[in-house]
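*Asks:* In case you want the letters, here they are:
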Amino acid sequence: MGAGTSTSLFAEGGAGTLRLLMYLAAALVLMVADHRGGHLDRVRQLAGQAMDPLYWLAAAPARAVRAVNTNLSTRLELAARNEALARELLLANARLHRLGAVQQENRRLRALLGGMEQHELSVQLATLLDIDLDPFRHRVVLDSGSRDGVRPGLAIVDATGVMGQVVAVSASTSTAILVSDPNHAVPVQVRRSGVRTIAFGTGRTDQLLLPNIPPSADVRVGDELVTSGLGGTFPPGFPVGRLAELAPDDTGLFMVGKAEPAAALNRSGEVLLVWTGDATTAGPPASGGADAAPTGVDAAPADAAAEPAIADEQPSP
Amino acid sequence: MTRDRTRPGLFPASIAIALLLGLLPFPEAAAAFKPYWLALVLTYWLMEAPERASLGVAFLVGLLGDLVYGTLLGEQALRLTMLAFIVLRFRARLRFFPLWQQALAVLVLLANDRVVVVMVRGFTGEGLPPWEFWLSPLPGALLWPWLFLLLDDLRLRTRERA
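From first to last, the protein sequence lines are chains Y and P. In this text, residue positions in the first sequence follow the working numbering: the first is 12, and each later residue adds one. In this text, residue positions in the second sequence follow the working numbering: the first is 6, and each later residue adds one.
Any given hint could turn out to be false.
Here are a few chain P residues that sit away from chain Y, every Cβ distance over 10 Å (derived from the structure) [unchecked claim]:
(1) Leu77
(2) Ala110
(3) Phe153
(4) Asp158
(5) Arg162
(6) Thr163
(7) Arg164
Facing chain Y, from chain P, some residues (calculated, C-beta under 8 Å) [claimed, not checked]:
(8) Leu25
(9) Phe31
(10) Glu53
(11) Phe64
(12) Leu78
(13) Gly79
(14) Pro135
(15) Trp136
Simulated from the structure, these hints should not be mistaken for laboratory data. Bear in mind the structure is a predicted one, so any value in this text is a computation, not a measurement. Ideal Cβ positions, reconstructed from N, Cα and C, are used throughout, including at glycine.
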């Protein structure tokens, strides 16, 4: 064969089948090690620090475009935007005051009932870097990392809804998976009826999938979906999407819903990192009843102190 | 075979630029058309300077890609090793193809790469990607002649100066 003889002539680069198999085996071992158990997290974290300047460089053009845009926008435009924002802020503040009153009342009622104390939310501002890891995997890169207190599992929200959660963190950047990624799922609740289910990503930014809804469940097209708080990653009550379609599945035993995500998943702009105030109590209950009681008693004053957390949190630059 | 007297800096520089280009965001509507820069640049070096780029180098470049793009560690290493193997096998023929025929070969290579991606991600439990997923080899093949001419020019230039 022509190709065979010529490769033997120029074989110094080496494309032997044996070597190919060796490298393929090595790649397979790596993938299995990375996929199962995450033995390579440490490697990733170290390498992530080396990647930070690369991410910074790749985001530079978009940053420059934005800077030019800001510089070129006229005084008039800026004044108009300023006015619009001020109006929005006024409305939001008014709503917030009303919510504050409701929250006070809620806390009092909860205390009367002796129910579980709800944990306050802490938030931190972060910016999405304008880089694209892979158009078919819905991942984004944030400009804050472990240095700013980001850790895997933090939920990300924007002004309109839940965006996703942090999966990997390096010193000054972190990677997050969006709710639309096919590997992602959010525990959700129908706001109107309280029916709980799970919303899976579909790989499309405009659609979430809700399989396995019982036909008897009180779910209608147009229903608003919010996070249920089950699982502990996403704090309860954040909008996830709106049910756009509901149809029986192939077996006819369950309904399959399709929802439009509430958040703008276009991978740019500013986002909020959200977590429930006390991360240690968000998980499964701690062992030892003696331990649990004092923290329960403490929770009320601790929560009162934590209340300004939202206002106090300095937005990271 | 004549020794390549290219300055050693061009190969790592081109790989670094390919990595950067891969990170640049595309507009939402054209996101599917993002070419696999790393594979294109690596193919050039495999074809023109195989003493610089071997299977092992392809593997290492792939690992680098995995770290940068956050894919499963080993995924791109596997993809690029397979690509390198095919290119090296048919190198003698590919080199003397006219550019447009080379572009067709690159199209097939990249399409094969997509199949490997679907296989790997299938094993890790991801479903089938949307149909736009298969569009990416097209811009890659269209870019190939220009990339080839550019890199060839750069390589010859650095050689003359050296």
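*Asks:* List, from low to high, the hint numbers that the structure doesn't satisfy.
*Replies:* Structure breaks hints 1, 10, 15.
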